[in-house]
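Now for the letters of each chain:
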Amino acid sequence: MRVDVHPILGNAPTGKSIILLVDGRPIKAIEGEPIAAALLASGRRVLRHTARHGEPRGLFCALGRCTDCVMTVDGQPNVRTCVTPARDGMVIESQVGLGRWKHLPLEKEE
Amino acid sequence: MQKTEIAVIGAGPAGLAAAIEAARAGAQVTLIDENERPGGQLFKQIHKFFGSKEHRAGTRGVEIGVDLLEEAKRVGVITRLNTVVYGLYHDKCLGLACGDHSEDLQTQAIILATGASENVLAFPGWTLPGVMGAGAAQTLINIHRVLPGRRILMVGAGNVGLIVTYQLLQAGAEVVAIIEGLPVIGGYGVHASKVRRAGVPILTSHTIVSAEGGESVERAVIAQVDNRWQVLCGTEQTLEVDTVCLAVGLSPLAELAWMAGCRFSHVPTLGGWVPLHDQDMQTSVPGIYIAGDVAGIEEASTAMEEGRLAGLAAAGTLCHLSPEVGEIKKSEVRDRLAALRWGGFGEGRAVAKRQIIEARCEA
Ligand SMILES: Cc1cc2nc3c(=O)[nH]c(=O)nc-3n(C[C@H](O)[C@H](O)[C@H](O)COP(=O)(O)OP(=O)(O)OC[C@H]3O[C@@H](n4cnc5c(N)ncnc54)[C@H](O)[C@@H]3O)c2cc1C
Ligand code: FES
Numbered sequence: 001m002r003v004d005v006h007p008i009l010g011n012a013p014t015g016k017s018i019i020l021l022v023d024g025r026p027i028k029a030i031e032g033e034p035i036a037a038a039l040l041a042s043g044r045r046v047l048r049h050t051a052r053h054g055e056p057r058g059l060f061c062a063l064g065r066c067t068d069c070v071m072t073v074d075g076q077p078n079v080r081t082c083v084t085p086a087r088d089g090m091v092i093e094s095q096v097g098l099g100r101w102k103h104l105p106l107e108k109e110e
Numbered sequence: 111m112q113k114t115e116i117a118v119i120g121a122g123p124a125g126l127a128a129a130i131e132a133a134r135a136g137a138q139v140t141l142i143d144e145n146e147r148p149g150g151q152l153f154k155q156i157h158k159f160f161g162s163k164e165h166r167a168g169t170r171g172v173e174i175g176v177d178l179l180e181e182a183k184r185v186g187v188i189t190r191l192n193t194v195v196y197g198l199y200h201d202k203c204l205g206l207a208c209g210d211h212s213e214d215l216q217t218q219a220i221i222l223a224t225g226a227s228e229n230v231l232a233f234p235g236w237t238l239p240g241v242m243g244a245g246a247a248q249t250l251i252n253i254h255r256v257l258p259g260r261r262i263l264m265v266g267a268g269n270v271g272l273i274v275t276y277q278l279l280q281a282g283a284e285v286v287a288i289i290e291g292l293p294v295i296g297g298y299g300v301h302a303s304k305v306r307r308a309g310v311p312i313l314t315s316h317t318i319v320s321a322e323g324g325e326s327v328e329r330a331v332i333a334q335v336d337n338r339w340q341v342l343c344g345t346e347q348t349l350e351v352d353t354v355c356l357a358v359g360l361s362p363l364a365e366l367a368w369m370a371g372c373r374f375s376h377v378p379t380l381g382g383w384v385p386l387h388d389q390d391m392q393t394s395v396p397g398i399y400i401a402g403d404v405a406g407i408e409e410a411s412t413a414m415e416e417g418r419l420a421g422l423a424a425a426g427t428l429c430h431l432s433p434e435v436g437e438i439k440k441s442e443v444r445d446r447l448a449a450l451r452w453g454g455f456g457e458g459r460a461v462a463k464r465q466i467i468e469a470r471c472e473a
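Taken in order, these protein sequences are the chains called Z and H.
Start counting the first sequence at 1; every next residue gets the next number (my numbering).
Start counting the second sequence at 111; every next residue gets the next number (my numbering).
Just so you know, these hints were derived from the structure itself, not from any lab.
These numbers come from a predicted model, not from an experiment.
Certain hints may be false.
Not close to chain Z: a few residues of chain H, all C-beta gaps over 10 Å, as computed [said to hold, decoys possible]:
{"#": "1", "residue": "H211"}
{"#": "2", "residue": "G243"}
{"#": "3", "residue": "T249"}
{"#": "4", "residue": "V300"}
{"#": "5", "residue": "V435"}
{"#": "6", "residue": "V461"}
Which stretches of chain H does chain Z cover? Using the computed rule of at least three CB atoms under 8 Å from a CB of chain Z, they are [said to hold, decoys possible]:
{"#": "7", "stretch": "178-190"}
{"#": "8", "stretch": "233-241"}
{"#": "9", "stretch": "252-264"}
{"#": "10", "stretch": "280-291"}
Virtual Cβ for every residue (Gly too), placed ideally from N, Cα, C.
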């Protein structure tokens, strides 16, 4: 659901088309747009589930303030997808609760 | 440790105007914002502004934003983006978080222009994906060019609710209704008539009872309320919507002012707890100034004027302007501010602002 034409803003600026891997499925995105915007444009609204009750959460403030939109990006959990720019080939996973580090920073250093 | 004469926190209309004015006077200015791009809320405002010619009435926020950015660059403002100010210490040293590291910045004067945050409303189902701030919807459609949903319920008929409704229509969404708990519409008549002409009903004395759906919003239940905001049984109706936008007010984002020990006052007309400030926008802590929504929720046009005032005052304290010249320039800005706070809506804010200034002087 992209706003391609707009009476005031004109045509949407064309950006570089890229691919994100979301829970194993490729989706199209525009380079530099927030990950959450790309997901919404692809029709996906549920971004994570809560730890205790497994309730769904989605985009809420779109400003980087509420942390409702956090997901695991390239192995790093709790990334605010509404303010994190999409880059080609990013691996994005929905998370439950606080998620898990795929590579503990300590392990990486060794 | 890094140093700057004046740090301006927040690069919205208030912060940009403050930084430009202070740099023009000759001060070394660092403008800091947590976002990737400067402009604050300004680039979301695609409608034409009100006010007089000096206030660039008839110009869209977007265009004003572009001009401000160019001007800031021209006068030599140092801009630091992707940088959050997380702390403000008593010697006016700032703690900055930039990406994966933190830094300290020693300043001589600080202008807080951090803006506001949207208020939320809790009701059964308010955490479902599809319930979001009206500001979030505005950011999505006007900046990222993605629709938040197809059929939308707007909660709140203040200016934000009305303007964002119209912008959602422009972006191609359907707004099923605007509901407002008060018996009257809070926003400007012009905006209300515009959305009504576009066919969106505005239901006053109505509230949202719940948002329902499995994994995201599928419908919303609304109902009429009495004058004590109690739901009138039997008036419930279900609307088929996939998105609920909350436009229930803004609150000054004043954590840094609390941290600095500034004195506050609770002023409902200005959005809640507001730091006291004097005629120069200086808070109760010498050398710390505020401007824009953090100094009381108003509009982009007033935010810019307050920014100019704070910029001139801060540059003046650091002797970049002679007291005489500074006073002349500041009084020009104060006159323009007074002109903006006029009419049915402006009057109340003018009174509230006077009270803030008087309270600061007595403090
Ligand atoms: C949804 C919405 C719709 C609006 N519509 C209109 C309208 O139609 N017309 C109108 O005149 N006004 C409108 N306003 C109000 C108008 O946007 C504000 O009055 C104006 O933008 C306030 O400017 P500001 O510079 O004070 O704050 P902002 O524009 O909000 O800028 C503040 C900046 O500071 C940054 N910041 C905050 N804290 C920190 C920190 N600790 N570290 C680093 N950066 C930080 C923020 O990210 C932001 O970029 C609207 C506001 C909202 C939220
Ligand atoms: S939606 Fe609030 S932080 Fe991303």
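Against the structure, the hints come out as follows:
1. For H211 of chain H, the shortest C-beta to C-beta distance to chain Z comes to about 14 Å, beyond the 10 Å cut-off, and the non-interface label holds.
2. Its beta-carbon lying about 5 Å from the closest one in chain Z, G243 of chain H breaks the requirement of being farther than 10 Å from that chain.
3. With 10 Å as the threshold on Cβ separation, the claim that T249 of chain H sits away from chain Z is violated: the shortest Cβ distance comes to roughly 5 Å.
4. The beta carbon of V300 of chain H sits about 17 Å from the closest Cβ of chain Z, which is more than 10 Å, so the claim that it is off the interface holds.
5. Distance to chain Z confirms V435 of chain H as a non-interface residue, since its nearest Cβ pair spans about 39 Å, more than 10 Å.
6. Chain Z leaves V461 of chain H outside its interface by the beta-carbon criterion, the shortest separation being 31 Å against a cut-off of 10 Å.
7. Counting residues of the stretch 178-190 of chain H whose C-beta sits closer than 8 Å to any C-beta of chain Z gives 0, which falls short of three, so the coverage hint is violated.
8. Residue count for the stretch 233-241 of chain H with a Cβ under 8 Å from a Cβ of chain Z: 5. That meets the three needed, and the coverage hint holds.
9. Coverage of the stretch 252-264 of chain H by chain Z holds. Counting CB-CB distances below 8 Å, 8 residues qualify, and the rule asks for three or more.
10. Under the rule that three or more residues need a Cβ within less than 8 Å of chain Z, the assignment of the stretch 280-291 of chain H holds, with 3 such residues.
Hints 2, 3 and 7 from the earlier list are contradicted by this structure; the remaining hints agree with it.
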